[in-house]
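**Student:** Read off the chains here:
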Amino acid sequence: MSGLASVYRVVAGTAVQTQLQYRTTNYLFMLGMIAEPVVYLVVWQTVADAQGGSVQGITAGDFAAYYIVWTLVRNMNIVFTPYGWEGRIRQGELSGMLVRPVHPLHHDLAYFAGWKVVVVLLWLPIAAVLTLVFRPTFDVSPVEVLVFLVAIWGAYLIRSMLLWVLGMVTFWTTRVSALYELYFTAELLLSGRLLPLVLLPAWAATAADWLPFRYTFGYPIEVLAGDLTTAELWGGLAAQGAWVLAGTAMVAVVWRFGVRRYSAVGN
Amino acid sequence: MEPAIRVRDLRKTFRVAERDAGLGASVRSLVRRRYREVAAVAGVSFDVAPGEVVGFLGPNGAGKTTTLKMLSGLLHPTGGEVSVLGHVPARREKAYLGRITLVMGNRNQLQWDIPALDSFELNRAVYRIPEPEFRRARDELVELLEIGDLVRKPVRTLSLGERMKAEVAAALLHRPQVLFLDEPTIGLDIGAQKRLRGFVAEYTRRHGASVLLTSHYMADVQALCQRVVVIDKGQVLFDGGLRQLTARFSPHQTITVQLAEPGTDLSAFGAVVEAGEGRVSIQVPKAETSAVAGRLLAAHAVTDLTIEDPPIEDVIEQAFSAGRTA
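So the sequence lines, in the order shown, correspond to chains L and E. No gaps in the numbering here: position 2 of the first sequence is 2 in our numbering, and each next residue is one more. No gaps in the numbering here: position 66 of the second sequence is 66 in our numbering, and each next residue is one more.
Please keep in mind that the hints were generated in silico from the structure rather than gathered at the bench. Remember, it's a predicted structure, so these values are computed and weren't measured experimentally. Hints may be right or wrong, so weigh each one.
Footprint (simulated), chain E over chain L, 3 or more residues, beta carbon under 8 Å [as the list claims (entries may be wrong)]:
#1 3–11
#2 15–28
#3 91–100
Where is the CB? At the ideal position from N, CA and C, for every residue including glycine.
Could you build all of it, start to finish, from the sequences and the hints given here?
**Tutor:** Next comes the structure, spelled out in structure tokens:
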């Protein structure tokens with residue numbers, strides 16, 4: 001096995017072992033996380049019922065499908081956060097990582113990817129219960145399943161890169177909570193996390209198309225729970241690819257300047 | 001022979017923000033920040049030969065850790081030259097990082113929730129150690145450090161001393177040729193300190209590794225280092241053997257005698273530093289030790305006599321004081 005692949009395999013294995021030890025904590029965390037989409041789902045199903053069965057063509061069953069897939073995509077979206085960066089720099093953990101001959105990005109990507117194995121296992125019964133309670137409407141083709149399986153990893157990579165870039169702001173200042181909050185608010189509104197993007201005003205939906213957030217939430221959900229055309233399916237993957245590349249380039253540039261700054265100031 | 005570590009006129013200056021105390025100063029600093037340049041390392045030069053173990057000593061804030069960080073590539077020097085194993089550390093080339101290790105006694109590198117053996121496996125992948133070599137190195141380290149039972153327990157369940165031994169093992173799996181050890185025995189009990197010291201000595205003997213060691217425990221230095229570099233305020237005060245250090249900074253020796261007749265006054269022979277129960281210690285200039293001892297033996301009924309250099313801690317303290325008043 002090549003060197004880097006071996007690092008990924010071992011780190012991911014470490015994550016599985018560690019997170020299995022914390023399965024109760026993980027479960028409680030997931031249950032807490034489920035509360036968010038369930039609230040959205042109940043609200044939208046109520047609105048749909050009040051409007052004669054649908055909101056802009058989205059039925060109660062469609063909403064259920066959307067928010068059940070949401071729970072999986074949200075779990076795929078858990079990555080190393082800027083808050084983690086604060087600790088990493090303040091407590092000097094980064095120094096230990098910098099004296100090793102592997103870029104710390106690989107460690108984070110591999111660790112959180114390994115964590116997904118545990119998360120998906122824990123998610124299955126939750127998805128089953130949500131399906132029984134909310135009765136989603138799914139109309140899925142094999143191609144959509146295939147694209148979805150790629151798209152959730154695309155979402156994972158885009159969000160990893162974006163939050164790495166945001167986290168690296170910590171190289172310059174450790175008081176960046178306001179910036180993080182701004183990011184998370186924009187993401188909430190423009191990613192499809194709060195509501196399906198088709199329900200946004202036209203200008204906001206257009207803005208969402210040109211920003212990366214949609215490709216971390218709305219797009220993968222719509223692949224499975226929406227009604228995308230073939231062009232939209234593949235176009236979305238292409239856009240994800242472009243954002244992964246752009247994110248990687250941003251990480252490379254900010255990392256270079258950030259490490260130079262860290263090497264000047266130290267910790 | 002080409003030195004393993006070569007440092008010439010190494011400098012590191014930090015720019016630190018400062019302000020006076022109080023609300024007014026706090027508001028003023030919002031508009032106009034005041035900075036001060038602090039020279040943490042101010043022109044340090046020394047060499048470390050392959051296989052040499054050098055103690056890097058100095059009081060808190062002397063610039064030891066800053067120097068170690070520059071040598072390991074974590075900090076960019078403001079000036080001067082550094083070469084370790086022929087590499088410029090600040091470039092942090094993979095080939096370089098794979099040949100060194102940095103152990104900081106107060107920092108944890110092992111994964112907290114899993115056994116150390118799994119962290120070892122991670123290092124095998126990170127340092128691309130071929131499997132048979134890895135197994136050999138791991139088994140050797142486990143045996144030398146006597147941690148066979150410990151490496152199977154989650155790291156969080158280990159005591160500080162046990163964890164430190166596992167940390168050191170993890171840091172040496174890739175058989176580094178240069179070891180930067182920053183307070184490796186801090187917080188350990190005497191027994192654990194002693195075992196770790198013995199291990200470092202054995203490792204360097206077996207593998208010919210060079211070591212730069214900082215420690216506040218002089219026993220570490222005495223047990224491991226042929227040479228010490230003493231720094232204070234970012235500058236080298238002394239570079240040489242422990243014996244030379246004592247000769248230079250402590251011109252006295254202590255003669256301790258056990259007298260047959262207790263209560264005898266020996267102040268005519270030197271400065272009495274301790275007296276009681278017939279046992280008296282006097283401090284005399286080093287050049288006069290033999291003569292004074294001879295006179296003492298001739299003048300009094302002495303049942304036992306020892307001559308000692310002062311404790312190394314006192315010598316170092318003396319060196320720091322000399323540096324401050326120089």
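**Student:** All hints, please: hold or fail.
**Tutor:** Here's how the hints hold up against the structure:
| no. | hint | verdict |
| --- | --- | --- |
| 1 | 3–11 | holds (count 6) |
| 2 | 15–28 | holds (count 4) |
| 3 | 91–100 | holds (count 7) |
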